[in-house]
Structures are given as structure tokens and as C-alpha cells.
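Enquirer: Can you make the complete structure from the sequences, with help from the hints?
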Amino acid sequence: AARFAVAHGVNVKVVVDDNDVTISGHPSKYLPGYDIGKTLAGHGLPVCTGDGEDFDALFSRMVKAAQAEGPVALINKRPMAPGIAGLEGNHAGHDVIKKELAVDYLKARGHADAVAYLEGVKKVSGGGAFLGCTAETASNRTEFGNIVNGILDGMSEAERVNRVLVVDSDLEGSTGLKGIRVKHPEVCLNGGVQERGNFSAAAGFGFKHGQQGIFSTFSAFLEMIISELTMARLNGANVLCHFSHAGIDDMADNTCHYGINVMLADCGIAEGDTTRLYFPGDALQLKSVVETIWNDPGARFVFTLRSTVPYILGADGEKLYGGDYRFTSGRDEIVREGSTGYVVAYGDMLCRALDAVERARAAGLDVGLVNKPTLNVVDEAMMKRLGAAPFVLVVESQNIKTGLGSRFGTWLLERGFAPKYAHLGVGKPGHGGLSEHMYHQGIDPASILAKIKSLA
Numbered sequence: 123a124a125r126f127a128v129a130h131g132v133n134v135k136v137v138v139d140d141n142d143v144t145i146s147g148h149p150s151k152y153l154p155g156y157d158i159g160k161t162l163a164g165h166g167l168p169v170c171t172g173d174g175e176d177f178d179a180l181f182s183r184m185v186k187a188a189q190a191e192g193p194v195a196l197i198n199k200r201p202m203a204p205g206i207a208g209l210e211g212n213h214a215g216h217d218v219i220k221k222e223l224a225v226d227y228l229k230a231r232g233h234a235d236a237v238a239y240l241e242g243v244k245k246v247s248g249g250g251a252f253l254g255c256t257a258e259t260a261s262n263r264t265e266f267g268n269i270v271n272g273i274l275d276g277m278s279e280a281e282r283v284n285r286v287l288v289v290d291s292d293l294e295g296s297t298g299l300k301g302i303r304v305k306h307p308e309v310c311l312n313g314g315v316q317e318r319g320n321f322s323a324a325a326g327f328g329f330k331h332g333q334q335g336i337f338s339t340f341s342a343f344l345e346m347i348i349s350e351l352t353m354a355r356l357n358g359a360n361v362l363c364h365f366s367h368a369g370i371d372d373m374a375d376n377t378c379h380y381g382i383n384v385m386l387a388d389c390g391i392a393e394g395d396t397t398r399l400y401f402p403g404d405a406l407q408l409k410s411v412v413e414t415i416w417n418d419p420g421a422r423f424v425f426t427l428r429s430t431v432p433y434i435l436g437a438d439g440e441k442l443y444g445g446d447y448r449f450t451s452g453r454d455e456i457v458r459e460g461s462t463g464y465v466v467a468y469g470d471m472l473c474r475a476l477d478a479v480e481r482a483r484a485a486g487l488d489v490g491l492v493n494k495p496t497l498n499v500v501d502e503a504m505m506k507r508l509g510a511a512p513f514v515l516v517v518e519s520q521n522i523k524t525g526l527g528s529r530f531g532t533w534l535l536e537r538g539f540a541p542k543y544a545h546l547g548v549g550k551p552g553h554g555g556l557s558e559h560m561y562h563q564g565i566d567p568a569s570i571l572a573k574i575k576s577l578a
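Numbered continuously in the working numbering, the sequence shown closes out at residue 578.
Treat each hint with caution, since some may be false.
[Claimed, not checked] Between beta-carbon pairs, the in silico distance windows are:
| hint | residue 1 | residue 2 | range |
| --- | --- | --- | --- |
| 1 | G250 | S576 | 16 to 26 Å |
| 2 | G319 | K575 | 42 to 52 Å |
| 3 | G131 | K151 | 30 to 40 Å |
[Stated by the list, open to error] The list that follows gives simulated cross-link-like pairs (lysine-lysine, DSSO-like), each with its CA atoms no further than 27 Å apart:
| hint | residue 1 | residue 2 |
| --- | --- | --- |
| 4 | K229 | K151 |
| 5 | K330 | K220 |
| 6 | K506 | K573 |
| 7 | K151 | K305 |
| 8 | K523 | K550 |
| 9 | K550 | K573 |
| 10 | K244 | K221 |
| 11 | K220 | K199 |
| 12 | K220 | K245 |
| 13 | K160 | K220 |
| 14 | K506 | K523 |
| 15 | K186 | K160 |
| 16 | K330 | K305 |
| 17 | K523 | K542 |
| 18 | K542 | K575 |
| 19 | K575 | K506 |
| 20 | K199 | K135 |
| 21 | K186 | K135 |
| 22 | K330 | K300 |
| 23 | K300 | K245 |
| 24 | K244 | K229 |
| 25 | K550 | K506 |
| 26 | K575 | K523 |
| 27 | K135 | K160 |
| 28 | K151 | K300 |
| 29 | K220 | K151 |
| 30 | K523 | K441 |
| 31 | K300 | K221 |
| 32 | K186 | K199 |
| 33 | K575 | K550 |
| 34 | K186 | K220 |
Don't read these hints as lab results, they were simulated from the structure. Ideal Cβ positions, reconstructed from N, Cα and C, are used throughout, including at glycine.
Expert: Written out as C-alpha cells, the structure reads:
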């Protein structure tokens with residue numbers, strides 16, 4: 123944008139709050155040498171740097187910038203959250219202010235009514251219980267880091283450094299990589315807010331046989347790295363990508379974090395493609411997935427959620443993915459047998475689909491459920507089984523235009539099967555919310571059950 127503005131004389135004024143804070147720390151420490159003013163000046167932009175808290179000087183600088191012809195950048199140096207005890211200069215000010223700090227600040231200024239309001243707010247729980255699942259839940263995005271740590275623990279430090287590079291995109295606390303940094307800092311780098319460069323660094327490390335990079339960010343940002351992913355494939359890179367915040371559940375950040383286009387990662391040429399997309403149904407299956415695919419070649423994508431999920435129970439009431447369960451890449455899994463038809467689900471929708479299936483079975487409909495943890499590989503044996511069923515319903519928290527359901531019906535038809543077919547997914551714009559998103563999109567258990575009944 124700076125190069126374009128300079129080259130074409132765009133009369134734009136760029137005002138930068140240069141507070142040296144991002145989610146995971148201070149760029150001056152984890153990206154030493156980087157300077158936003160020098161960067162913009164290097165593109166030819168006139169730059170004026172000053173104190174962002176000196177309001178008289180700031181106003182004067184802004185007036186001069188407005189009067190000048192063409193693009194100008196004002197770099198305003200200031201701490202994050204100035205004047206707020208416990209937050210000033212701290213990366214915690216990047217997020218919602220903790221209630222305790224806010225209360226202290228407001229009390230000191232005599233705002234008793236505001237304090238009373240804050241202290242009276244009750245946290246609303248959006249989580250629900252699902253039939254066929256445990257009441258106990260786990261955070262898959264956090265568990266990813268714990269699982270990787272378990273693998274790294276089995277290596278010597280020299281082996282870890284030579285074989286593994288973990289590159290964070292300023293989201294380590296949200297994607298499970300912080301746990302890896304705490305336990306194995308020798309393999310971790312903080313790349314800052316630059317997904318394309320960070321993915322390329324991780325994939326570049328994995329160009330060499332026996333080495334692999336680990337890259338992570340939110341699923342909403344997967345679309346940023348499609349071109350770099352193609353380059354990584356052409357170079358035969360080994361890279362394990364963890365994309366958290368997939369789907370829509372518990373997305374409180376308006377529309378920006380809908381992670382609904384994860385299937386776009388499956389964009390390689392079919393012949394010989396080793397790209398694999400995995401979306402486990404619970405934390406136990408996640409563990410088996412990561413441990414199984416650790417040494418597989420190519421680009422492997424593992425998707426997890428912002429929300430927690432329960433553990434899936436088998437028909438016998440035991441944890442389906444506990445005990446001696448071992449994940450097999452590309453294999454679809456029967457969760458419940460059925461003769462009336464089958465629901466196909468994965469990830470965060472598996473527990474919701476199971477709830478709907480259990481309710482349908484209690485009402486006399488012998489509906490089955492299939493878990494498809496490998497999203498982009500056809501399981502021919504399962505296709506034959508599903509093709510013989512009266513109906514197939516794919517349920518997912520992905521875009522109805524790009525998700526599994528947009529392919530699955532074609533896969534059935536190509537093999538000569540024609541059961542009744544339907545697909546539930548995300549088809550509406552989102553707004554800030556938590557568990558409400560599922561109801562808004564019509565992929566909550568009650569909506570799934572209604573669709574089952576219409577097909578049966």
C-alpha cells in the first residue's frame with residue numbers, strides 16, 4: 123500500500139500507534155531490527171516520528187501532514203494503555219481488560235456505579251450436554267501443544283533442534299504453541315503477525331528430508347497462505363499445520379474469525395498429492411491423529427476449535443477413542459450402525475450429530491453416524507456402505523459452498539450410488555455470539571434431527 127501510494131501520489135495520511143505490543147509480546151524483542159518507520163520510509167513514504175502522548179505536538183504534526191500534498195506517515199511512539207496500572211506497556215492491554223484491573227482503575231476515579239455493574243455481571247455458559255458424549259470436555263487447541271510436547275520429549279535436545287522448527291504467528295496462547303515454547307523453547311520462533319512468511323519459514327525448514335516445520339494460526343487465516351502452500355508442495359516440504367478456531371462455535375469476535383473454508387487447503391494436483399486435512403472429533407482422537415501422522419510426508423493440516431468439546435462415547439458407553447484405538451489416515455469410522463440412513467460428520471459437529479442421532483434412534487429411527495476425520499480422502503469401503511443406505515446427510519460447520527458436503531454427493535454419484543442426499547453447513551453471515559452461531563446457521567442438534575426426520 124505504501125509503495126502504491128508513493129508511486130501514484132495518493133493523498134493518504136497514515137497514522138500509526140506504535141506501541142510495541144502484539145498479542146504474544148513486544149515486537150522489539152521477538153523481531154529485533156524491525157522498525158515500522160524505517161520500513162515505510164524505505165518505500166519512499168515521508169515519515170514523521172514523535173511522542174503519541176504529547177498531544178500539542180501530535181496535533182501540530184497532524185496539521186502539517188494534512189496540509190502536505192501526497193502520502194505522509196505519522197509514527198506515534200507511546201506505551202500500550204497509558205496510565206492504567208497493571209496494563210501500561212503490557213501486552214495484556216491488547217485484549218479485553220481484566221475486570222480486577224478495571225475495577226481498581228474505576229475505584230480510584232470514583233466511578234462506584236460502574237464498579238457495581240462490573241462486579242454484578244455473571245458469566246453466561248453457552249455449553250450444552252450432548253447425548254452419547256461425556257459431560258467432561260477438553261480444549262483440542264490446547265491439547266495440540268501438549269501432544270507435540272509428548273513427541274518432542276522422546277527426542278534428545280540435539281535431535282529436536284535438528285528435526286523440528288515451530289513458528290508462531292503471534293497467537294501461541296490461542297493455538298497451543300505456548301505450551302511448546304514453555305517446555306521446548308529451543309525449537310520455537312515467534313514470527314509475529316505475518317502468516318505468509320511464517321508458513322514459508324516452517325515449510326522451508328521442512329524442505330530437507332527428516333525435518334519438519336510446525337506452523338499455526340487461526341483457521342480464518344488459512345486463505346492467506348494458499349499460494350505459499352503451492353510452493354511448499356512443489357518443493358516437497360514437510361510441514362505440520364495446526365489451524366485452531368475452525369468452524370463457528372464460540373466465535374465472539376464478530377465475523378472475522380469464522381474458520382469456514384478449511385477445504386481450500388486441499389488444492390494440490392490429485393496425482394501423488396500427499397496433502398491431508400484432519401479434523402478430529404475429540405481430544406483423544408486428536409492425540410492419535412497427531413502421533414500417527416507425525417512422520418508422514420508433505421503438508422498435513424490439523425484443525426481444532428475455539429470451543430471445548432466432549433469425548434465421544436461408543437454404543438457401549440465407553441470413550442470411543444480411548445483404550446487401544448489407533449487412528450488410520452483416510453479411514454472413515456462408524457460411530458453408530460444404522461439401517462434407515464447415515465449422518466456423516468466430523469470435528470465439532472460430531473458431538474452434535476451424535477446427539478441428534480441418539481434422539482432419532484430413541485424415536486424409532488435406526489439412524490447411523492459416520493465420523494470422517496480425514497476430510498479430503500475417499501474411503502471406498504465406506505462409500506459402498508453409505509451408497510446402499512436410504513439417505514446420507516453431511517453435517518459440518520464449514521461453508522456450504524466449499525465444505526465436505528459440496529464434494530460428498532459427487533463422490534457418491536461417481537461411484538454409481540444415489541441415496542437421498544442432503545448437506546447442512548454455514549450459509550449465513552455471522553455476528554458476535556458464542557454458542558448462538560450453531561442455532562443461527564441451523565446446525566444445532568435440533569436442526570439436525572429435523573433434517574433427519576425429513577429424509578427418513
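Enquirer: Determine for every hint whether it applies to the structure shown.
Expert: Each hint tested on the structure:
no. : hint                     : result
1   : G250 to S576: 16 to 26 Å : 23 Å, holds
2   : G319 to K575: 42 to 52 Å : 50 Å, holds
3   : G131 to K151: 30 to 40 Å : 37 Å, holds
4   : K229 to K151             : 34 Å, violated
5   : K330 to K220             : 45 Å, violated
6   : K506 to K573             : 23 Å, holds
7   : K151 to K305             : 20 Å, holds
8   : K523 to K550             : 11 Å, holds
9   : K550 to K573             : 18 Å, holds
10  : K244 to K221             : 12 Å, holds
11  : K220 to K199             : 24 Å, holds
12  : K220 to K245             : 14 Å, holds
13  : K160 to K220             : 34 Å, violated
14  : K506 to K523             : 25 Å, holds
15  : K186 to K160             : 20 Å, holds
16  : K330 to K305             : 25 Å, holds
17  : K523 to K542             : 19 Å, holds
18  : K542 to K575             : 12 Å, holds
19  : K575 to K506             : 23 Å, holds
20  : K199 to K135             : 17 Å, holds
21  : K186 to K135             : 11 Å, holds
22  : K330 to K300             : 26 Å, holds
23  : K300 to K245             : 26 Å, holds
24  : K244 to K229             : 20 Å, holds
25  : K550 to K506             : 33 Å, violated
26  : K575 to K523             : 24 Å, holds
27  : K135 to K160             : 16 Å, holds
28  : K151 to K300             : 17 Å, holds
29  : K220 to K151             : 24 Å, holds
30  : K523 to K441             : 33 Å, violated
31  : K300 to K221             : 24 Å, holds
32  : K186 to K199             : 18 Å, holds
33  : K575 to K550             : 23 Å, holds
34  : K186 to K220             : 38 Å, violated
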